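> Chains as they are written, first to last, in our numbering: chain S, -8 to 53; chain P, 31 to 278.
These are calculated hints, taken from the structure and not from any lab test.
A portion of the hints provided could be inaccurate.
Unchecked claim - Where chain S lies over chain P, by a calculated footprint (3+ residues, C-beta under 8 Å):
1) 79 to 85
2) 243 to 256
3) 259 to 267
Since we're looking at a predicted model, the values are computed, not measured.
Ideal Cβ positions, reconstructed from N, Cα and C, are used throughout, including at glycine.
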Amino acid sequence: MKAMTLGPYASFIVTSYLVVVAVVLILIVWIAVDYRRQQLRLRELEASGITRRSGRSAADIR
Amino acid sequence: MTLTDLANPTRFLSLTARLLPWLAAATAILLLIGLYQSAVAPDDYQQGATVKIMFIHVPNAWLSMFVWGVMSVAALGTLVWRHPLADVAAKTAAPIGAAFTFLALVTGSLWGRPMWGTYWAWDARLTSVLILFLMYLGLIALWRAVEDPSRAARAAAVLTLVGAINLPIIKFSVDWWNTLHQPASVFRMGGPTLDRAFLIPLMVMALAFSLLFVTLHLAAMRNEILRRRVRTLQMAQAQMMQASRRSA
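All chains, full assembly: derive it from the sequences and hints.
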């Protein structure tokens, strides 16, 4: 297979891809951290005796 | 399962729990295929290797408008049908749409410098996309400014529907005005003008980014439902504490 050459504008191409990867990773991490934070808050509230009217666990999503 | 079934947040959470691993895996596989195809795609006879920027710029640009379209449908869901998950969908799509719009602007700028000789020009396409980005930021600020989600939802829905006027302006800006940005080369009357060597990787990347949006959006909606449960329980806790203070 021929080696990939990016020519004289390689820095523009590489920077574009790196920026996209960085922003997508930030989005993924932000959403994953937010999920853990909400689960933790719900468990803390339930541990302190606050429950939903239905009686079901608020942290259980299955 | 119908849209009415999904009006029940618990049922929606159960569905997302089952769907998300599959969606994430499909997104990762498609992204890998798309990135490989982008890497091995030939150079353009005029643009050289910078054509590779197209494979990430165009999907982000499409999604920047598509996400606002999704938010507009959700806004109708809030104002007309009063669907319980409509404002959850609208609120959680905004930061993701803002990220795609930001990426469309940055990658477009990085493509523009070697091709046009400038990072930025105040032409109709670039300016209307910048306005879209600012509208996303405005909506995010609105959601954060109003504490009660149901009150914020109605104001945000109206703003979203007004902002939807910008979508045809972005799409047709290259036809209506004399712009530095090239006219449409994929979704146009008479079919795409792109060669298959570029069209196939572009479509794979567009599908991969669309799946990425669906995955991130469902995950963000799940988080928002849990956040609202936290809020409800915190309010119940505050009421209980108030009642126990009164009885003491």
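> Are the hints correct? Go through all of them and say.
How the hints compare with the structure:
1. 79 to 85: n = 4 at 8 Å, threshold three: holds.
2. 243 to 256: Result for this restraint: holds, n = 6.
3. 259 to 267: Holds, because 7 residues of the stretch 259 to 267 of chain P bring their Cβ atoms closer than 8 Å to Cβ atoms of chain S.
Consistency with the previously given hints is maintained throughout, with no hint failing.
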